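K.L.:
So the chains spell out like this:
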Amino acid sequence: QKEVEQNSGPLSVPEGAIASLNCTYSDRGSQSFFWYRQYSGKSPELIMSIYSNGDKEDGRFTAQLNKASQYVSLLIRDSQPSDSATYLCAVVDRGSTLGRLYFGRGTQLTVWP
Amino acid sequence: EAGVVQSPRYKIIEKKQPVAFWCNPISGHNTLYWYLQNLGQGPELLIRYENEEAVDDSQLPKDRFSAERLKGVDSTLKIQPAELGDSAVYLCASSFDRESPLHFGNGTRLTVT
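Line by line, the protein sequences are chains A and B.
Heads up: the first sequence begins at 1 in our numbering, then just goes up one per residue.
Heads up: the second sequence begins at 1 in our numbering, then just goes up one per residue.
Keep in mind that the hints were calculated from the coordinates and are not lab data.
Fair warning: this is a prediction, and the values are worked out from it, not measured in the lab.
There's no promise every hint is true.
Only pairs whose alpha carbons sit at most 30 angstroms apart, straight line, appear in this in silico DSBU-like list of lysine-lysine [said to hold, decoys possible]: (1) B:K78 <-> A:K42; (2) A:K42 <-> B:K15; (3) B:K62 <-> B:K15; (4) B:K71 <-> A:K42; (5) B:K62 <-> A:K42; (6) A:K42 <-> B:K16; (7) B:K11 <-> B:K62; (8) A:K42 <-> B:K11.
With the sequences and hints as input, model every part of the structure.
P.N.:
Listed below in structure tokens is the structure:
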């Protein structure tokens, strides 16, 4: 069973701060990584995808990938109360379950005004 | 583009009764997924289709769960008979291919009493 581990949370930050969400994965061969946001009672929605080492920025969101350390993170700059949600890290397995997308348990983020 | 459509949104049944969920993926998406999500957990894969072929169903409890994807488009997931532990949210998702991001439907919240 592949593992995708996320910091347990919950994470609470003030409005305007940087929220840092972390994820580690067990499959060294993984090549595709995603961050999903899930509001309470809603389905996950994709916010970032990253495939290469380094940083990828999209507005207030930055995904960081380090394949050597098997680590992927999501930074949210200028956090807003509307960012309060659970953030799910997801990793595509390239091993025995070829192509299966594994999700972490999620980190609950609260941004307080 | 229209999103992934699932029905019903909510279903309450008594244990031992059958239940079925339906999913219509995004047009042009060849890969279709059924995930199960329990409260406080990340989604867990039940079955993945590439076109009409089930390529990853090792986590589907085949004694009571069945799925089909006729003509490689719509899909149905069935549980017969339902057990109390099946209460969860059932998510359908689709993607262009196995490495592309998933797009989720609104999910079906199943309650078994």
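K.L.:
Each hint needs a verdict: does it hold in this structure or not?
P.N.:
Each hint, compared with the structure:
1. Between the alpha carbons of K78 (chain B) and K42 (chain A) the distance comes to roughly 22 angstroms, so the proposed pair stays at or under 30 angstroms and holds.
2. Taken as a hint, the K42 (chain A) and K15 (chain B) pair is honoured in the structure, with Cα atoms around 25 angstroms apart against an allowance of 30 angstroms.
3. Straight-line distance between C-alpha atoms of K62 (chain B) and K15 (chain B) comes to about 17 angstroms, which keeps the hinted pair within the 30 angstroms bound.
4. In summary, the hint linking K71 (chain B) to K42 (chain A) is supported, as the alpha carbons are separated by about 29 angstroms, within the 30 angstroms threshold.
5. Proximity of K62 (chain B) to K42 (chain A) is assessed by CA-CA distance (about 28 angstroms); at most 30 angstroms being required, the pair is judged to hold.
6. For the proposed pair K42 (chain A) and K16 (chain B), the alpha carbon gap of about 28 angstroms is at most 30 angstroms, so the pair holds.
7. Our distance criterion of 30 angstroms between C-alpha atoms is met by K11 (chain B) and K62 (chain B), whose separation comes to about 21 angstroms.
8. The straight-line distance between the Cα atoms of K42 (chain A) and K11 (chain B) is roughly 16 angstroms, inside the 30 angstroms bound, and the hint therefore holds.
In this structure, every one of the numbered hints holds.
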